[in-house]
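**Student:** Work out the full structure, taking the sequences as your base and the hints as a guide.
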Amino acid sequence: NPNGALRPLLCACIASMIMHDDAVITDLGYMNAASFALRNAFKNSKTVDPRAENDPLATLKLWGNIIRTDFQTNNPDFQPLTNTTNSIQVVNSINQIGSSVTELLRENNVLKQQVLQGYAAAMAEREENRKEREAHRKEREAHRKEREESKKLRKEVSRLLLFFNPQLLPQSPSTPGSAPQSPSSHLGKRKAPPEPLVAPAAAASFESSNTVAPAASTNVAFAAATASAVDPADPASSDSSVQEMVHNYNHVDHNQEHGGTDLPDIISGAYASRCFRTEVSFTPAFMMRPVRFKDPTKYNHCLELFNVVASPVDRAMLGRAGLTKLELSTAAHNI
Numbered sequence: 001n002p003n004g005a006l007r008p009l010l011c012a013c014i015a016s017m018i019m020h021d022d023a024v025i026t027d028l029g030y031m032n033a034a035s036f037a038l039r040n041a042f043k044n045s046k047t048v049d050p051r052a053e054n055d056p057l058a059t060l061k062l063w064g065n066i067i068r069t070d071f072q073t074n075n076p077d078f079q080p081l082t083n084t085t086n087s088i089q090v091v092n093s094i095n096q097i098g099s100s101v102t103e104l105l106r107e108n109n110v111l112k113q114q115v116l117q118g119y120a121a122a123m124a125e126r127e128e129n130r131k132e133r134e135a136h137r138k139e140r141e142a143h144r145k146e147r148e149e150s151k152k153l154r155k156e157v158s159r160l161l162l163f164f165n166p167q168l169l170p171q172s173p174s175t176p177g178s179a180p181q182s183p184s185s186h187l188g189k190r191k192a193p194p195e196p197l198v199a200p201a202a203a204a205s206f207e208s209s210n211t212v213a214p215a216a217s218t219n220v221a222f223a224a225a226t227a228s229a230v231d232p233a234d235p236a237s238s239d240s241s242v243q244e245m246v247h248n249y250n251h252v253d254h255n256q257e258h259g260g261t262d263l264p265d266i267i268s269g270a271y272a273s274r275c276f277r278t279e280v281s282f283t284p285a286f287m288m289r290p291v292r293f294k295d296p297t298k299y300n301h302c303l304e305l306f307n308v309v310a311s312p313v314d315r316a317m318l319g320r321a322g323l324t325k326l327e328l329s330t331a332a333h334n335i
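Residue numbers (my numbering): 1 to 335.
FYI, nobody ran anything at the bench for these hints, they're computed from the structure.
A couple of the hints might just be wrong.
What the hints assert, rightly or not - Restraint ranges, calculated between C-beta atoms of paired labels, are given here:
no., residue 1, residue 2, range
1, Phe71, Asn40, 23 to 29 Å
2, Ala52, Leu10, 20 to 26 Å
3, Glu103, Asp55, 56 to 62 Å
4, Val308, Glu141, 27 to 33 Å
Heads up, the beta-carbon is just placed ideally off N, CA and C, and yes, glycines get one too.
**Tutor:** This is the structure we're talking about:
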């Protein structure tokens, strides 16, 4: 197509073939395919130029010289390749390629080092995480063993409490200069609370009696204590004396030197001293022994028994602030 978009490219290609036909014949011989096709095209089309004596081959040669001269005129900076210039350009190209390859190798080595460092850091972190997981596993295993051991100990304590004999407790030391008191005479000082207090019976005396209430049956313990402590024929065991004793449950002095020494008095006095304001725990750390309780061993043993028999309901009751005397006495006697 004379007006097609590729027409200029076709003209440029034909002009280049005509201009370099002599060089192609020199390099490839007179009968090379490109020159042979070009000569046949001029002959078949009868392309002639009067300046070449109307000869197609002479016209081809003439036009080649004209196109070459025009190209060199319009491109003064163009330098045709020779053996010398060609070798220099090849060497320069090889050097440039070598420099590029060397730079690429250097950057590749840097990347390798970075990758290796990152891999080493990741492996170190992974090892650290493994050690932490192993430490956590051992810690969990230790906690599990502690819980199992604690469970075994609680079972053993519960089993021992079933066979607990309060008569085997050591006698409380007597005060120097005072005559030893009999259990019945000392127990007579504290009587059982009245029925409205819903207490099963009067508790055993802490200081003068070795009968500490066993944890297996609270009602049986208080009933036994009542049988040994209260004489039905004694007028001192009337309701009026019991009422007087109840009024004095929490009316102890500041130093805890005076006051009741029955089992409920331990709990009532501890509540009055605000020992349960943060946690209801029957341990020496929360319930400091008042000075009126002379036997530390017996006092601590009573705390251990309280800690075994106290129910969540009892602990919740003692954990409340502002209990009335009736509520406090009821909670203490229930335990």
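**Student:** Go ahead and decide if the range 27 to 33 Å is satisfied by the Cβ distance of Val308 to Glu141.
**Tutor:** Distance hint for Val308, Glu141 holds at roughly 29 Å.
**Student:** Is it true that the C-beta distance of Phe71 to Asn40 lies inside 23 to 29 Å, as the hint says?
**Tutor:** 25 Å, holds
**Student:** Mind checking the hinted window 20 to 26 Å against the Cβ distance between Ala52 and Leu10?
**Tutor:** 23 Å, holds
**Student:** Taking the beta carbons of Glu103 and Asp55, is their distance inside 56 to 62 Å?
**Tutor:** 58 Å, holds
The structure shown violates none of the earlier numbered hints.
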